[in-house]
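Numbered according to mature numbering (1 follows the signal peptide of the UniProt record, and there is no 0), the sequence shown spans residues -26 to -1, 1 to 396.
Hints should not be assumed to be uniformly reliable.
What the hints assert, rightly or not - Derived Cβ-Cβ restraints for the label pairs, each shown as a range:
id: 1; residue 1: Gln293; residue 2: Asn247; range: 37 to 47 Å
id: 2; residue 1: Asn371; residue 2: Glu65; range: 37 to 47 Å
id: 3; residue 1: Lys45; residue 2: Arg344; range: 21 to 31 Å
id: 4; residue 1: Lys66; residue 2: Ala183; range: 29 to 39 Å
id: 5; residue 1: Thr370; residue 2: Gly348; range: 46 to 56 Å
Just so you know, these hints were derived from the structure itself, not from any lab.
No residue lacks a Cβ here, since even glycine has one placed at the ideal position from N, Cα and C.
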Amino acid sequence: MKNNNKSLLTAILLSLSLNIPIVVHAEDGVSATEITIGGVMDLEGRSSGLGLGMKAGIEAALANQTVAGRKVRFIAENDSYTPDKAVAATEKLIAQKVLLFAGNVGTPTAQVVLPLLEQQKIPALGFFTGAGLLRPGQGDIINFRASYVQETKAVIDAALQHGVKPNEVCAYVQNDAYGMAGVAGIRSALQKSSGVDTILTALDKIIAASGAEPERNNQGPVGVYTRNTFIARDGYDSLKAWEQQQGSACKLVVTVGTYEAIARFIAYAHSKNEPWVFSAVSFTGADDFRKTLNKFNITNRVIMTQVVPLPESDLPIVQEARTALGKDYGYVSQEGYIVGKLLLHGLRQLEADEKNITRTHLLATFKGQRFDLGGLAMDFTNDNQGSDLVVMTRHTNDKWLAMQDSTWSDWLDQQQKTPTKD
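Given the sequences, and given the hints that come with them, work out the whole structure.
Structure below.
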């Protein structure tokens, strides 16, 4: 007992000398000298560009930062974009007693990780996914980014406004929770159109299919592929079967997948001389996606929605990210940087209010609040998602350019003139 008292006295004296708030019963992840944050992402697998980008962004935001005299440390574990590995990595970080998880990458991995975090009362902040299972989701979840529903709706609304018919909207997606989150977004965007009952019924059947990897090809205007694979033929054949069944061609193919898989699918469709316009959601990974499209000499008719400001933006947070990240700057790393700054905002609010750093106190700095994050508006007053920003861009060899209305007209006119193979 004397030794315990002596240790406690030593800790108190150290805290006083360093002006650190005294926390006798500290929260997990908070010591006298450190605040430890965990993250689980693909650092070694086929989508490692996404995980490495998020990790670089978060680390750049947290580099050399202290809150209430404590260093903020980020520990990232690899899951190779595989649910089983995500569970193991999460359990490892829980055992290390992190304060929260930030920047996890992926929907199928989040789907298995979130129940573990809810059970342990550990918050999830800024996960790299727009899936509905985090909006609002079970447990303590704080999202930065716009949802996949918002991303797909932006593209489909624009397509419909430029003359694309609902039965000319198709999809190529990953055959898991991520892909189905995208299909749900497509359904939401089409549901108010007329004459879409057959399409909605088919989409409902595809979404409702159960099992680890159910058969979803040849069920409607959707082609699917297996996560962490690049085989495009089956999904392509599914879309061609839909075209034949409906007697109408796909004009817009909404894709929901990872950069290599989607680029390979587009390349396969191009090899068949398909005149389709393709769109991709932000998770595809803008910089790796562009490089892979260039590798396959894809130069036209590819749209991508972004949920972070464009690199040429003059917002302070974009300029900060470019400076902090240097050669590692990109769309994904910028999102990681924003997530890191979002975390720091909450922690610094606790420091300013002289509150102990606990999960409950930290969550309260976001919930119901509205604030500015380096020029980027954050609004948590109505939900658990800070930003609704969606920007449509088009692919060029050098960069993603903001999409113009005239581009739609040019591409759709082009489709009428492009011959296709049987």
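Now the hints, each set against the structure:
no.	hint	verdict
1	Gln293 with Asn247: 37 to 47 Å	holds, 43 Å
2	Asn371 with Glu65: 37 to 47 Å	holds, 44 Å
3	Lys45 with Arg344: 21 to 31 Å	holds, 29 Å
4	Lys66 with Ala183: 29 to 39 Å	holds, 32 Å
5	Thr370 with Gly348: 46 to 56 Å	violated, 27 Å
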